[in-house]
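Work out the full structure: start from the sequences and follow the hints.
Take 1 as the starting number for the sequence shown in UniProt numbering and just add one per residue.
Just so you know, these hints were derived from the structure itself, not from any lab. Note that this is a predicted model, so its numbers are computed, not measured. C-beta: ideal position from N, C-alpha, C; glycine also. Accuracy of the hints is not assured; some may be wrong.
[What the hints assert, rightly or not] Label pairs and their in silico Cβ distance ranges:
1) D125 x P445: 48 to 56 angstroms
2) R347 x T50: 20 to 28 angstroms
3) K402 x T309: 22 to 30 angstroms
4) T304 x T412: 49 to 57 angstroms
5) S388 x T300: 18 to 26 angstroms
6) S34 x E392: 40 to 48 angstroms
7) E392 x T145: 44 to 52 angstroms
8) R347 x P445: 45 to 53 angstroms
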Amino acid sequence: MQFRASVLGELASRSINFFISKSSKPKVLGVEDSLQRALIRAQVIIDEATGRHITNQAMLQQVDMLRDAMYQGCYILDAFRYLYHDEENTKDQVVSNSFSLSKVNSLKGIYSSNKKTRILEQLQDTLDNLNCMILDMKELVVFMTSYPLLYRQPYSMHRLLGNCMFGHQMEAELVLNFLLHTQPNGAEELEVLPLVGPAKVGKSTLVAHVCNDERVHDRFLEIVFMSDHDFKDEKLTYLGERCVKKHQKPMLKKDGRLLVVVEMAGDINEDEWKRQYAASKRCMPKGSRIIITSRSDKITKLGTTRAVTLKYLSDEACWYFFKTLTFGSTVPMMHPRMICLAMEISRMLKGSLFSAGVTICLLRDNFNTHFWCKAVTFFRWFIKWHVSKFGEHPSVVLNQNKPAHLWRMARTSEEIVVYHQYEGSSQEELPKIAFPSVLYGSVKPSGRFEALVWRSQIPPYYNYIYTCEIRDLKTNAAKRKRS
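Listed below in structure tokens is the structure:
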């Protein structure tokens, strides 16, 4: 009786799956094709907007919303193809012994069909959302042509993304507009822009990237970077004495505008800020600007204009960046298995562009399925171990500049303890040891050492350096037990 129920259950499951696959497969492929075309249309609009100096904040926000929708569409589409690829690999597998059928297998078949239905719904919802946004952009596309073109050389997408403020394009435009706009009636009051965001989200990089723009150079006589400690100094009349000058033009006139960037390490008293701001107004020429950056959102009260806030990338945006730069000029769909592996690695990075940059270099240098499978397995076990031992994802620990414990891929019985991390300028001498060679390769320095983790490709071209040491996990465990 139990055997009969099992066979009937299996037959019912196969019948349901047959009718679902017959009715839904053409529709799924049709939605997939429509979504692909919508993504191309969205990309065209975004490229056109990126190539123009748009000053209207509402337009910038609308373009940014379309950009996010495009990232989500690419993510959903690749996720569908990833599932479809896995199913294509397994659909021809046959159970050799029909008498071993169970209710578990029946439920598994129905679950697979339900999962496919849910993905179809996600594809359709994403397509509808993207089409609505593209339709809403029709008037904007007409207005867009009234804004001046920016000179751009022909590019490949992977080269452009590797050399721009990816994920923060709108915020970069807002900062640029703040610096370039002229106040009505020639008032030219001293304006202050707060820039807020968590550690390693890219605040300093974004400011340096904007300050590297030739239009900013033309507008300001001098660009000065200073700490909050320097800004509290009474001698504000001579800003260049103890500060870092990023740009200085020949002194053509005494009232040349100044741009001062203040990096706040901690909180600042509001009364003290008012006093310093009043002193700055007296000593800085008309038309000067101040940008203050901090992790604390308390500085939003100090601005004369709305603050710009930076956030970590969404999973969808991180995947778009990761896939584009990892595969470069290679067509990703020619390597479906590697797309699956790359997607899993991207999800494990938790939206960290810094970690993505390091990992992308590793995968591009070892562009083969065997190594990528090995990397996925390594990341899975290491992250699981780190979370169980320290209660946090390793990216969270590194972003907070806490001592971090990382596995070595060549020998998982050893760990790399990262004691300190800092940023060096492009002019400073670099460590001879490359951190990826220690983490993923066979290089094993003795004692404490400094290693170059990554070199940024955009201003201010920071070199990211770790101070670390290799330890044996078993030896450390034995010492802890004895103590």
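- Task: State, for the Cβ atoms of T304 and T412, whether the hinted interval 49 to 57 angstroms holds or is violated.
- Result: holds, 54 angstroms
**Beta-carbon spacing of D125 to P445 - inside the hinted bounds 48 to 56 angstroms or not** = Holds, at about 52 angstroms.
(message) Given a hint of 18 to 26 angstroms, does the C-beta separation of S388 and T300 actually sit inside it?
(response) With Cβ atoms ~38 angstroms apart, the hint is violated.
* Taking 45 to 53 angstroms as the hint, is the beta-carbon distance of R347 and P445 inside that range? -> violated, 32 angstroms
- Item | Pairwise beta carbon distance, R347 to T50, judged against the given window 20 to 28 angstroms | holds, 27 angstroms
Evaluate the given range 40 to 48 angstroms for the C-beta pair formed by S34 and E392.
Since the Cβ atoms of S34 and E392 sit about 41 angstroms apart, the hinted range of 40 to 48 angstroms holds.
Can you tell me whether the CB distance of K402 to T309 sits inside 22 to 30 angstroms?
Check passed, 24 angstroms falls within 22 to 30 angstroms.
That 44 to 52 angstroms hint for E392 and T145 (C-beta), does it hold up? holds, 49 angstroms
The structure shown violates the earlier hints numbered 5, 8.
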